[in-house]
Each structure stands twice: as C-alpha cells, then as structure tokens.
Amino acid sequence: MSAALLALAREGVLLALVLVAPVLLAALAAGVVTGLIRAVTQVDDPAVALVPRVAAVAVAVVLMAPAIGRAASAFAGKALLLVQQLGLGG
Numbered sequence: 004m005s006a007a008l009l010a011l012a013r014e015g016v017l018l019a020l021v022l023v024a025p026v027l028l029a030a031l032a033a034g035v036v037t038g039l040i041r042a043v044t045q046v047d048d049p050a051v052a053l054v055p056r057v058a059a060v061a062v063a064v065v066l067m068a069p070a071i072g073r074a075a076s077a078f079a080g081k082a083l084l085l086v087q088q089l090g091l092g093g
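Using our numbering, you'd call the opening residue of the sequence shown number 4 and step up by one each time.
Quick caveat, the hints were computed from the structure, so don't treat them as lab data.
Do not take every clue at face value.
Label pairs and their calculated CB-CB ranges [what the hints assert, rightly or not]: (1) ALA74 x ALA50: 29 to 39 Å; (2) VAL51 x ALA6: 44 to 54 Å; (3) ALA50 x LEU83: 43 to 53 Å; (4) PRO69 x THR44: 32 to 42 Å; (5) ALA32 x ALA6: 34 to 44 Å; (6) ALA70 x VAL36: 23 to 33 Å; (7) LEU20 x ASP47: 32 to 42 Å; (8) LEU28 x LEU83: 24 to 34 Å; (9) PRO49 x LEU20: 27 to 37 Å.
Using N, Cα and C, we set each Cβ at its ideal position, and we do this for glycine too.
Generate the whole structure from the sequences, applying the supplied hints.
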C-alpha cells in the first residue's frame with residue numbers, strides 16, 4: 004500500500020470525524036438540556052428525552068448538509084484522482 008493511499012485513508016477518517024462532530028454536539032447539547040428539564044420537572048416519559056434529541060440531530064444535519072456535501076465531494080474527487088494516478092481502476 005503506497006504512502007499516498009495511507010494519507011488518503013487518514014484524511015478520510017479525519018474528515019469523517021470533523022463532519023460528524025456538529026451533529027454529535029447537537030445531540031449532546033439536547034440530551035443535557037432535556038436531562039436537566041426532566042430532572043427539574045421529574046417527568047419520566049421516554050418520549051420527552053427522545054424527541055428533542057432527534058429534532059436537534061435533524062436540524063444539525065439540515066444546517067450542515069451543504070458543508071458536508073462540499074467536503075465529501077472534494078474528498079471523493081481527491082480519491083478518484085489518486086485511483087486514476089495509481090492505476091487501481093481495473
């Protein structure tokens with residue numbers, strides 16, 4: 004395996020971590036806020052915990068979709084160019 008492929012794999016893993024971070028942070032923030040509200044009000048309904056987290060993740064995905072698309076497209080272009088340069092395309 005060449006150094007270029009290893010660098011591309013490393014870049015892909017880092018890109019995945021960077022792209023998923025805002026969605027995870029939204030879920031974490033919604034979970035903390037929901038947990039505080041549940042603790043204060045002593046409501047023990049599981050839907051009260053689930054619905055805000057799902058909504059926060061959905062909003063984060065919608066807001067981050069353009070950036071995720073651009074970054075994923077740029078990475079795919081790099082990967083395909085590297086495959087073409089190395090002659091791995093069959």
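Each hint, compared with the structure:
no. : hint                      : in the structure
1   : ALA74 x ALA50: 29 to 39 Å : holds (34 Å)
2   : VAL51 x ALA6: 44 to 54 Å  : holds (51 Å)
3   : ALA50 x LEU83: 43 to 53 Å : holds (44 Å)
4   : PRO69 x THR44: 32 to 42 Å : holds (37 Å)
5   : ALA32 x ALA6: 34 to 44 Å  : holds (39 Å)
6   : ALA70 x VAL36: 23 to 33 Å : holds (24 Å)
7   : LEU20 x ASP47: 32 to 42 Å : holds (35 Å)
8   : LEU28 x LEU83: 24 to 34 Å : holds (31 Å)
9   : PRO49 x LEU20: 27 to 37 Å : holds (30 Å)
When held up to the earlier numbered hints, the structure conflicts with none and fits them all.
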